[in-house]
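J.: Sequence:
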Amino acid sequence: MSGNDIEDFAWAVKTEDMNNVQTYVKQLGVNVRDQNQRTPMHWAADYGQVSVIEFLCKQADVDINPKDRFGITPLLAAVYENHEDAVKALLAHGADKTITGPSGETPKEAAEKDSIKQLL
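full-length UniProt numbering puts the sequence shown at residues 1 to 120.
Mixed in with the good hints there might be a few duds.
[Claimed, not checked] For lysine-lysine, the following DSSO-like pairs were computed, each having C-alpha atoms within a straight-line distance of at most 27 Å: (1) K97 x K67; (2) K117 x K58; (3) K88 x K58; (4) K58 x K26; (5) K88 x K117; (6) K113 x K67; (7) K14 x K26; (8) K108 x K14; (9) K58 x K14; (10) K14 x K97; (11) K108 x K97; (12) K88 x K14; (13) K67 x K117; (14) K88 x K26; (15) K14 x K117; (16) K26 x K67; (17) K88 x K113; (18) K88 x K108; (19) K108 x K26; (20) K97 x K113; (21) K88 x K67; (22) K14 x K67; (23) K97 x K117; (24) K58 x K97; (25) K67 x K108; (26) K14 x K113.
Hints are computed from structural coordinates only; laboratory data are not their basis.
Just need the whole structure built from these sequences, with the hints factored in.
T.: Now the structure itself:
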């Protein structure tokens, strides 16, 4: 596995290229990490790619609550980026809304949008 493979996987997630997302999950695994310890779930949450989140959640060994090197979970990433649909998808699949981020805030405390706060 090379850094380029991980970069290409991240690009596939960010651009919602589902064919390549599926290929990279098979090749590299659903919980592979980049240099910042971010997983495909982080990338999908960060970019609001709900279809990727849904696909990843169907994988048997997916970790929906990993922390990256900064202490950010995918749920927090979606909250920080105001991706309401991604927040909904993550919560529907069991994301833990009590895990705090690097500043000690819960996702609800970190949320700016009232509609997202109501979900949390």
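J.: Now look at each hint and say whether the structure bears it out.
T.: Cross-check of the supplied hints:
| no. | hint | result |
| --- | --- | --- |
| 1 | K97 x K67 | 13 Å, holds |
| 2 | K117 x K58 | 26 Å, holds |
| 3 | K88 x K58 | 16 Å, holds |
| 4 | K58 x K26 | 13 Å, holds |
| 5 | K88 x K117 | 11 Å, holds |
| 6 | K113 x K67 | 23 Å, holds |
| 7 | K14 x K26 | 18 Å, holds |
| 8 | K108 x K14 | 25 Å, holds |
| 9 | K58 x K14 | 18 Å, holds |
| 10 | K14 x K97 | 23 Å, holds |
| 11 | K108 x K97 | 8 Å, holds |
| 12 | K88 x K14 | 18 Å, holds |
| 13 | K67 x K117 | 21 Å, holds |
| 14 | K88 x K26 | 26 Å, holds |
| 15 | K14 x K117 | 25 Å, holds |
| 16 | K26 x K67 | 22 Å, holds |
| 17 | K88 x K113 | 13 Å, holds |
| 18 | K88 x K108 | 13 Å, holds |
| 19 | K108 x K26 | 34 Å, violated |
| 20 | K97 x K113 | 16 Å, holds |
| 21 | K88 x K67 | 19 Å, holds |
| 22 | K14 x K67 | 19 Å, holds |
| 23 | K97 x K117 | 11 Å, holds |
| 24 | K58 x K97 | 20 Å, holds |
| 25 | K67 x K108 | 17 Å, holds |
| 26 | K14 x K113 | 23 Å, holds |
Violation of the numbered hints given earlier is confined to hint 19; every other hint is satisfied by the structure.
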